[in-house]
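Protein chains: 2
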Amino acid sequence: MCELLGMSANVPTDICFSFTGLIQRGGKTGPHRDGWGITFYEGKGFRTFKDPAPSSQSKIAELVTSYPIKSCAVVSHIRQANRGGISLENTHPFTREIWGRYWTFAHNGQLSGFESLDTGHFKPVGDTDSEKAFCWLLNELFKHYPQQPDNMCEVFDFIASRCDRLRALGVYNMLFSDGDYVMAYCTNNLHWITRRAPFGQASLIDQEMTVDFHEQTTPNDVVTVIATQPLTNNECWHKMAEGEYCVFHFGEVYCHNHTSVS
Amino acid sequence: MCELLGMSANVPTDICFSFTGLIQRGGKTGPHRDGWGITFYEGKGFRTFKDPAPSSQSKIAELVTSYPIKSCAVVSHIRQANRGGISLENTHPFTREIWGRYWTFAHNGQLSGFESLDTGHFKPVGDTDSEKAFCWLLNELFKHYPQQPDNMCEVFDFIASRCDRLRALGVYNMLFSDGDYVMAYCTNNLHWITRRAPFGQASLIDQEMTVDFHEQTTPNDVVTVIATQPLTNNECWHKMAEGEYCVFHFGEVYCHNHTSVS
Chain A
1 MCELLGMSAN VPTDICFSFT GLIQRGGKTG PHRDGWGITF YEGKGFRTFK DPAPSSQSKI
61 AELVTSYPIK SCAVVSHIRQ ANRGGISLEN THPFTREIWG RYWTFAHNGQ LSGFESLDTG
121 HFKPVGDTDS EKAFCWLLNE LFKHYPQQPD NMCEVFDFIA SRCDRLRALG VYNMLFSDGD
181 YVMAYCTNNL HWITRRAPFG QASLIDQEMT VDFHEQTTPN DVVTVIATQP LTNNECWHKM
241 AEGEYCVFHF GEVYCHNHTS VS
Chain B
1 MCELLGMSAN VPTDICFSFT GLIQRGGKTG PHRDGWGITF YEGKGFRTFK DPAPSSQSKI
61 AELVTSYPIK SCAVVSHIRQ ANRGGISLEN THPFTREIWG RYWTFAHNGQ LSGFESLDTG
121 HFKPVGDTDS EKAFCWLLNE LFKHYPQQPD NMCEVFDFIA SRCDRLRALG VYNMLFSDGD
181 YVMAYCTNNL HWITRRAPFG QASLIDQEMT VDFHEQTTPN DVVTVIATQP LTNNECWHKM
241 AEGEYCVFHF GEVYCHNHTS VS
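So the protein sequences, as listed, match chains A and B. For the first sequence, UniProt numbering begins at 1 and goes up steadily by one. For the second sequence, UniProt numbering begins at 1 and goes up steadily by one.
Bound conformation, chain A alone:
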């Protein structure tokens, strides 16, 4: 299994605090030794840092925590390999273009019978179930919507219907983003929290570190963090249900399929 981390915010925000917690799980407080990656959006462009080395020992991970890049949308992943060898091309997140936008994908879980998925002209480069699922999803999107429709809620509902099919093949927790929207789809392990004024203090579970968000934010900031497991032990995280999806747009819930989300 792997761990996912995502962020959606209404102002460019640095994710150093959450990322510091996450990378401890890459070989230190967690068993996810088989690589890590993080994608930051800046407008329609993005930067990805990744490494097949364990995140807790990675020089590039150190760089990312010491050189804060501010972004409104982030997708990150640390890996414990099950399908596919340990290599750069098998390291999440994966990014491809569709509709003139870069879409970024990370997956936690394991699928069976994924080999026969038809990915059309989106050919996987590596040999993971995850990249294959990503390519299949893009091909389904491209077949259904050759052009990007105006109604993005309809698009995310369609994506969720295809995620349901992938969930039938095994465990499928997913983050998916184009830099404006961040979609979370859950099989069994995904939590999120939205922080807004009045901001308080938060303490990391995986490392002795406390941050006072009040000192780092303005009263209008809205920041949602999505993670496989809660990263802090003094805040209340929403636990997502099986088959639930939730799409965030600049920090706020944009659309979802469960009435329990308000």
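None of these hints come from the bench; they were simulated from the model. As the structure is a prediction and not an experimental result, all values here were calculated from the model. Some clues are possibly wrong.
If chains are identical, the list can't say which one is meant, so a pair holds when it fits in one copy or spans any two.
Straight-line alpha carbon distances no greater than 25 Å define the calculated DSS-like cross-link-like pairs of lysine-lysine that follow [said to hold, decoys possible]:
#1 K44 with K143
#2 K44 with K123
#3 K59 with K239
#4 K59 with K70
#5 K44 with K70
On the provided structure of chain A, position chain B as indicated by the hints.
Showing chain B alone in chain A's frame:
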């Protein structure tokens, strides 16, 4: 105009020396203040570092020079914007998948009448002539070769024929790589050099720095560097002619269209 830098080597080699020379031209010894980027391959995977900030002032460029990543294929670019604003999505190199491989592209020059090029399902994300040309090239490749053929010389000859068409629209110097092959196509400014045993010393033009390759290499190493202008002042660089292309494969010339290349 921009500056290109490429490398093809038969053993993973760090490009720090050449990159140190190049980034001085990003706002210091040259006028290329509008961003820079570098893509390193590692097998079928790649890493890209890029920044819309001038390379001579970029923290990320500093990181790249201080944290040598060894690679057999590198494509790099520093930008002086002509078409398209200064933004991350307009910063070269650009990378897209075709035939289950990641292909990376960087362009130096300026094109007219590029707006009508048909890019098929490869939609540009930014608004540069370069990314549009890249997408058009991939679409031409995809239409002509839905699957990757065995004869790659034939493929590169086809690519060169399409580069000739782009050259009819203006200045088109290009680097193009999938991590195994590095192709250089010239309109007016492109030089290359192959270093092999016996290795000597080289001195950078743009910064007081000399390296003794003999100390850093083994007798079997073969390393080709391609650059808009020669980066060293005590070595003999091949100047490419208009319409000339040359493809390198792990350091050695693989195919080309000019008999003067031996």
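When Cα atoms must be at most 25 Å apart, do K44 and K143 count as within-copy, between-copy, both, or neither? Classified as within; 23 Å inside a copy, 27 Å across copies.
Same-copy or cross-copy closeness of K59 to K70 [CA-CA at most 25 Å]: So K59 and K70 pass the 25 Å test inside a copy (20 Å) and across (14 Å) alike.
Homo-oligomer pair classification [K123, K44; C-alpha up to 25 Å]: Both: 23 Å inside a copy, 13 Å across copies.
At most 25 Å between CA atoms: does that hold for K59 and K239 within a copy, between copies, both, or neither? Neither: 32 Å inside a copy, 38 Å across copies.
State whether the alpha carbon distance between K44 and K70 is at most 25 Å within one copy, between copies, both, or neither. within (14 Å within a copy, 29 Å between copies)
Checked against the numbered hints listed earlier, the structure breaks hint 3 alone; every other hint is satisfied.
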